[in-house]
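Chemist: Each chain, letter by letter, is given below.
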Amino acid sequence: MTNELDIFVGNTTLIDEDVYRLWLDGYSVNDAVGLRVRSGILEQTGATAGVLQSDTMDHYRTFHMLERLLHTPPKLLHQLVFQIPPSRQALLIERYYAFDEAFVREVLGKKLSKGTKKDLDDISTKTGVTLKSCRRQFDNFKRVFKVVEEMRGSLAGNIQQHFLLSDRLARDYAAVVFFANNRFETGKKKLQYLTFGDLAFCAELMIQNWTPGAVDSQVDDMDVDLDKEFLQDLKELKVLVADKDLLDLHKSLVCTALRGKLSVFPEMEANFKNLSRGLVNIASKLTHTKDVRDLFVDLVEKFIEPCRSDRWPLNDVRLFLNQYSASVHSLDGFRHQALWDRYMVTLRSCLLRMYHD
Amino acid sequence: MPGKLKVKIVAGRHLPVMDRASDLTDAFVEVKFGNTTFKTDVYNKSLNPQWNSEWFKFEVDDEDLQDEPLQITVLDHDTYSANDAIGKVYIDIDPLLYSEAATVISGWFPIYDTIHGIRGEINVVVKVDLFNDLNRFRQSSCGVKFFCTTSIPKCYQAVIIHGFVEELVVNEDPEYQWIDRIRTPRASNEARQRLISLMSGELQRKIGLKVLEMRGNAVVGYLQCFDLEGESGLVVRAIGTACTLDKLSSTAAFLPACNSPSKEMKEIPFNEDPNPNTHSSGPSTPLKNQTYSFSPSKSYSRQSSSSDTDLSLTPKTAPYPQGPRIFLCPSSPSLSSGSPHLKKSCLLSESSLTPHHSSHISPVVLRKSVSFSEELLLAASGMGSGSAGKEGGPFKALLRQQTQSALEQREFPFFTLTAFPPGFLVHVGGVVSARSVKLLDRIHNPAFVGIMGNTRSYKLLDWNSFNSDEPETRDAWWAEIRQEIKSHAKALGCHAVVGYSESTSICEEVCILSASGTAAVLNPRFLQDGTVEGCLEPRLSWQPGFFSIGQEENLPAGCGFCHIPYDELNMPFPAHLTYCYSCRKQKVPDVLFTTIDLPTDATVIGKGCLIQARLCRLKKKAQAEANATAISNLLPFMEYEVHTQLMNKLKLKGMNALFGLRIQITVGENMLMGLASATGVYLTALPMPGGIQIAGKTPNDGSYEQHISHMQKKINDTIAKNKELYEINPPEIPEEIIGSPIPEPRQRSRLLRSQSESSDEVIELDLSHGKKDAFVLEIDDTDAMEDVHSLLTDVPPPSGFYSCNTEIMPGINNWTSEIQMFTSVRVSRLSNINLTNQTLNKNFNDLCENLLKSLYFKLRSMIPCCLCHVNFTVSLPEDELIQVTVTAVAITFDKHQAVQTTKTHVEKSLQRASTDNEELLQFPLELCTDSLASHPFSPAKEHLESASSNSGIPAAQRATSIDYSSFADRCNSWIELIKLKAQTIRRGSIKTTVSVEKASPLTEGHFRQRSAPACANSTVGVVKMTPLSFIPGAKITKYLGIINMFFIRETTSLREEGGVSGFLHAFIAEVFAMVRAHVAALGGNAVVSYIMKQCVFMENPNKNQAQCLINVSGDAVIFVRESELEIISAQQPVASCQPACSGGEIAT
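Protein sequence lines correspond, in order, to chains A and B. With full-length UniProt numbering, the residue at position 24 of the first sequence is 24, and numbering never jumps. With full-length UniProt numbering, the residue at position 125 of the second sequence is 125, and numbering never jumps.
Extracted from the complex, chain A is given alone in its bound form:
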């Protein structure tokens, strides 16, 4: 005697958070049942494996039907088929759009294309996230990207509005979209130490300061692309390292101010010109798409690695960067103070966030 058909439909749709988690994690029904058995639920409830199997199947079916709606969360709110309390709707959406740190680090900055999708097998093997879950997360990225790509207004705001995500998650998605759009390289070995949090932090600052939206809130793509004019202008900063006098003056200003305050003062003094050159050159090269993509690689190579090899403490890095950007204001010959600030304020915060092991 086998059950050919076995369903349970409630007027209020039953959502089991644990099963939802298992479903999101991409486990098959049988695996999920196995995991649930191991969780000790049978002992707690006195149920049988058959009951658990049937229950899991039911939930999986429900989730499968809900998935179509989860792709456009506002539909989930307005649909009439599943009666779900608002708090549960929010939970469903939030969990559905949540992603794994390991997975996001693999695809961050990659083009959200079919090609990448084909690589999901490898990513799955590498990260230990099931392929099913990888697909869901990848599709989420792609879906969000497609919807907000061409939209006006705040990126995170748009995402929040169209996908009803929490503030935190919406900002994370904004970072993902920003990275994917600008194709920043994040996969290099020397960048592996950076967490998604680090990169999302940088992305947020860059969105705030380096996009067209930073100066004009009414332009298209205001938050997704970098401000072309700004990047063009950044070339002007080159004078800071090209002009030897200016460079020396800058160095002496920084050194005077920091003498006795840094534990790594001699190393700083020795390295000042290299570091300054590195930072300014990164800025001046950002007109090239290729160099934009390598922004994080360059930051690590040109600034973070030298400092790290000299064992700068984080606090010294902070003092140095503060002084380094502030001293420019005392350079009389330098006319692009505003530009410098727009560049350096963001860069300083990014570097400080990225400066860890």
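Don't take each hint at face value.
[What the hints assert, rightly or not] If you want the ones that stay clear, here's a sample from chain B, every Cβ over 12 Å from chain A, calculated:
{"no.": "1", "residue": "Glu63"}
{"no.": "2", "residue": "Asp64"}
{"no.": "3", "residue": "His77"}
{"no.": "4", "residue": "Asn716"}
{"no.": "5", "residue": "Asp717"}
{"no.": "6", "residue": "Glu818"}
{"no.": "7", "residue": "Leu855"}
{"no.": "8", "residue": "Thr1026"}
[What the hints assert, rightly or not] Chain A regions said to be covered by chain B (calculated; three or more residues, Cβ under 8 Å):
{"no.": "9", "region": "39 to 50"}
{"no.": "10", "region": "62 to 76"}
{"no.": "11", "region": "79 to 86"}
{"no.": "12", "region": "137 to 146"}
Source of the hints: derived by calculation from the structure; they are not laboratory data. Cβ coordinates follow ideal geometry from the N, Cα and C atoms, glycine included.
Dock chain B against the given chain A, drawing on the hints supplied.
Modeler: For chain B alone, coordinates are given in the frame of chain A:
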């Protein structure tokens, strides 16, 4: 007279993509009513079109308004080819046709397609302007309200309960009559949906007409069913109870939202005269109407004319036409009762002296006369307090016949209600049921097929002119069965059947028609007596006197309904009677089975539980007549088996009564299935059930003996465990006081399960299981062994869970507001081809048990909770498939606030829903009953008992004279009855009494307790659904109309839709959604009395196809949380509700 229907199409949303190229849709809408169609403009390239159309106006007859659904079709415009249909919405506009319900239908409706399911939503506004006051000569019955609820709806009061209404409509099934037999799924499904919609509209209209004829204004307990008879057609039939309902708010202007049954109601000081009888002749004296209704001449003539009415009682009546001497012994201990009896005797002798009585206006006299008339009434209904003795019989019979008069005028004194206003139900006799096996092709009329062809595929045929045979046949079938039910009820000394329902099971051309109900004796007050209209008013009005009586003599009520309504010497079949354990004066049966809900005032001990009997019987595949014969032969045995199982399980639970009993017999190709569900309870009035004793066949075999004793121990343990689990701890009552008739030991031991007639097979056992009589299971073969095993395999629900199939769970009364209605469906394939009855039984048992276990597991987050109204249906869609469908509601309750159930019966009446207005319908009669019942022994009886009437022990003495019935005897009688294709299960009686005075303080406290959690989770836009007639923690403020929907869903891509489970899961979810959308559009926020009447599922996995038909119904309502109401009601002066109470007494 005509009405104007106005429809406006506002917008659409979430439409499907119909144009692949643009990923968009060019949608427009066709609005059709009758033969008129309007169209909106095409809204180009949008999935969220904003049509914002003009008002489309249809000028139509109200007859059409009732029959026709409004049909809205959404299409995709296509310039070059035919427009593609996206989907449809059918809107039943009936709720707009009576003034008190909804005034507008406005909201988002799912657009439904029978192939694709829900495809987006459409926003529609519908209004109706009716001019129906102009003409009373009509075919329509606009204005008659319909309720699925099987009790008096919460914001109404019953003025008169007229009785049974039924109707059926027949048509050919488009599925089978499709032109050229080429079936295009969508067209045929839609034709069917539309046809059934039309037929239900027509049916409702016709029933409405009958109600109007009876001068009623509503149908309560309306149950409409479809019989898909395949080739031979489609039958839509409905039954209901016609009533005259008064809206409570109309008489009492106290709560703005008509939530009349507010708490204050229960605090009404009943010693005041609430008087204002708004109707007719002002306050008539109780005397008047009483004397009227018992006018002896009338009753006698009736008696003589209807010879078969009442068993052998009729002849006996004659010698005692005056009967006064019986009551002339005023030796009763309680003084107040003496004079009433005296009074009665004079009244009886001078029965025509109405004026004389009405002259007794002084309060004292009035009071007495009232109690007299009460006695009369009681006696009339077979249960007079003094008439328990054999000499009382004739008098009882006489009066019973008199009260019957009101009912006898009706063809069928049936009531589909399962819960009643207090005082309506006097006694319950037991379950009566009838089944009949019919061959469908017998009525197949060749002429009918010829004409059918292609002339009209959808339009309803006028059967009366076209082919009168067809519905006549069906009518005759049902009439036959109802007649049987009626005669069974009479055999039980009852003149009415309550909790009545009908059902069918069809397989190929064989059809089993079933009807069942509970034989009962009713208080005639509510029943309009048609013949004597214009004479004296058959009603009572409130008089101060009544109430004072009620106050003086508060009695532990709630036992009255258990008292037997029949004469114990003329019992229809043997039964074991004892004196009532509550009042110790009347006889009660040892076990009571009923199809109704537990009366609100019944006193129970502990909690109730769901009890199911499950049974399969294989049968040979056969054709037509042979098949029908085989089935008819099997039926009695199945009935017997089912009954035995129920009885055993009841004993195993340590309980003594079943409520809400529903036995379903399903016929399949090669088997019959029986499934009985009921809620077991322990009624304090009935004797404590004995245990179950196992008897072995071969006592010499040592190991066998051991095995037996082992099983016996297990059974005893189970009983003890169950008693603990359900908190059944009845107070030990000393035997002498109870005076229970203990049979001779020898007799007792002869209780055998088997029907073996030879007494030498009887094993003498020590049956001293407690003091009570044990129920003996004789294990003589593997079958019996199997039965015992299966008894023990039923696992009790996990802790924190309770289940019942009645509206409320006896013993739980502190509901919190969380409810979860659900439907669960399982289809199992029987893998073994060499099936035996045993394996089949086991499979079926497992299927049901596992299903229950799954439910408990799924709903574990709601613990502590109770599954209420658990409704199982079984069908056999194919050879080896068993389909079980369950609909129920889980309700949470507060463990910590548990109120002691034993406190008062008033609280129990509250469980029902705080919103009950039943308390309003308070009757003087009951109060008087109490006063009489309070005398330990009624004087009349003592007199009859002559010398032996020394107060303490009459019962014990009587006991010896009772022919103690063995179970075997009972079984025999069973089989006999069953052979008549009907059986009578058990009997008992109901007398409903509510003590209003006691109610008030508790009510108040209870209300407060519950209101706190109630407010917790109210969310906007949520539509609650429940099979119950109430919503815990809330008051229903308005009934918006009946919801009755029929859907077909079909797929040709079963695998892609997730297989059969995915397909049906989605479909049921969609059905829920469509019900909710209709309720929301009516302005409601809940469906009560929701029922899924049909869920027919067919699959053909090889073709990747499946089809499902679902029929659901319920009452759309608006409810308000009690927490919100408290604020309003606090401002209401308590006294203001009094006018409403008086309304309960009004009769026209």
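Chemist: Taking the hints in turn, state whether each one holds.
Modeler: Comparing the hints with the structure gives:
no. : hint       : in the structure
1   : Glu63      : holds (32 Å)
2   : Asp64      : holds (29 Å)
3   : His77      : holds (24 Å)
4   : Asn716     : holds (24 Å)
5   : Asp717     : holds (19 Å)
6   : Glu818     : violated (9 Å)
7   : Leu855     : violated (8 Å)
8   : Thr1026    : violated (8 Å)
9   : 39 to 50   : holds (count 5)
10  : 62 to 76   : holds (count 4)
11  : 79 to 86   : holds (count 7)
12  : 137 to 146 : violated (count 0)
Hints 6, 7, 8 and 12, counting from the list given before, are not met by this structure.
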